[in-house]
Amino acid sequence: MSDTDYWVLGSASCRVGRCFAILRTTDGGRSFVSMSAPALRREGTVPTLRFADRLDGFAFLPEVGGVFYATHDGGATWHKLALGTVLAFATGGGNAYTVTARCSLRRCTRYRFERSPVSANAWRGAALPFVPSGSVLDLAAHGSSVWLLGTPVGGQRGSEKDVLARSTDDGRTFVTRHGPCVPGLGGELAPTSARAVWAVCPTGLSAGAWRSTDGGITFSALRTPPLVNSAQLAPASRDTAVLSGNGAGDRLRRTTDAGATWTVPHVPGRATFVPWIGFTDAAVGTALVQTGWDASAKIEREALWRTTDGGADWSKVRLP
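With our numbering, letter number 290 in the sequence shown gets 404, and the count goes up by one each step, no holes.
FYI, nobody ran anything at the bench for these hints, they're computed from the structure. Accuracy of the hints is not assured; some may be wrong.
Stated by the list, open to error - Label-pair restraints from in silico Cβ distances: (1) THR386 / THR317: 18 to 28 Å; (2) MET149 / THR317: 34 to 44 Å; (3) ASP408 / THR327: 23 to 33 Å; (4) GLY268 / ASP423: 42 to 52 Å; (5) THR405 / THR287: 42 to 52 Å; (6) ASP408 / GLY361: 15 to 25 Å; (7) ALA241 / VAL342: 34 to 44 Å; (8) ALA240 / ASP408: 42 to 52 Å; (9) PRO434 / ASP395: 20 to 30 Å; (10) SER218 / ALA396: 38 to 48 Å; (11) THR386 / VAL178: 24 to 34 Å; (12) THR327 / ASP283: 17 to 27 Å; (13) GLY179 / PRO389: 15 to 25 Å; (14) SER233 / GLY361: 17 to 27 Å.
Just so you know, even glycine gets a beta-carbon here, dropped at the ideal spot from N, CA and C.
Work out the full structure, taking the sequences as your base and the hints as a guide.
The following block contains the structure:
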């Protein structure tokens, strides 16, 4: 959330085996306090925890029958909201955005674009700028700019690209044109400003990375090391980003020239997989990494890495 304040959601031993718990730090990871997590299902999809500021945060399961919670007191209390199935989520410019639908295991209907100030549960819905062909969608925001990536109904027939809807007025209106990714396979958008938008797109057998400098109107493909569908791309600024190939190589890569060249940053150990990596500003970032299988506990060993120099050097955060 900032260079000193952040929350970590993970599992811990409890009376019924393992339960979700939240740790919070206000001193950049030197110390943590434990907080109760909202009621989240332990099996299935990994839940998402996102804070917009020190008080306002959201926890949810993006799946059929999933739940969506909001807190406005820094995680002391959580409120369950009835928004339907949350398929995509983003915050920016003091607002929270979701794409919701009524979903069964077979299909989703009644897609809606929802918006609320992060400080209140005052959600207002509107129709999406296009009718999706399925639930694979991505939502991103920066300031008053909002981007929605997906495949429209009929968009997979004879089309080489999906659709990207762009808004510059907090999601009130959208302009739609081709996006950077393959129809039906989704992708992840990561803006660092209203004009700089990075993207990583699965292609079925591998993945590719893209970058826009005009707010998502056009994208250019990046030259990267080999990537698999689960690759993670985390931009720190207009020209700097960190990349994890996730299976196509277990080393992080870093660029400072918009993807023209990639170097290997200094890391505190070997990572077998990187489920998530992101930056709060151009200098400070965190990465959740898997370091190997714990046979006795039958879980993946995980660690939290942190950088304060734009991804050049990473250190391990000691968790309680």
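Here's how the hints hold up against the structure:
no., hint, verdict
1, THR386 / THR317: 18 to 28 Å, "holds (23 Å)"
2, MET149 / THR317: 34 to 44 Å, "holds (40 Å)"
3, ASP408 / THR327: 23 to 33 Å, "violated (43 Å)"
4, GLY268 / ASP423: 42 to 52 Å, "holds (47 Å)"
5, THR405 / THR287: 42 to 52 Å, "holds (46 Å)"
6, ASP408 / GLY361: 15 to 25 Å, "holds (20 Å)"
7, ALA241 / VAL342: 34 to 44 Å, "holds (35 Å)"
8, ALA240 / ASP408: 42 to 52 Å, "holds (46 Å)"
9, PRO434 / ASP395: 20 to 30 Å, "holds (26 Å)"
10, SER218 / ALA396: 38 to 48 Å, "holds (43 Å)"
11, THR386 / VAL178: 24 to 34 Å, "holds (30 Å)"
12, THR327 / ASP283: 17 to 27 Å, "holds (21 Å)"
13, GLY179 / PRO389: 15 to 25 Å, "holds (22 Å)"
14, SER233 / GLY361: 17 to 27 Å, "violated (40 Å)"
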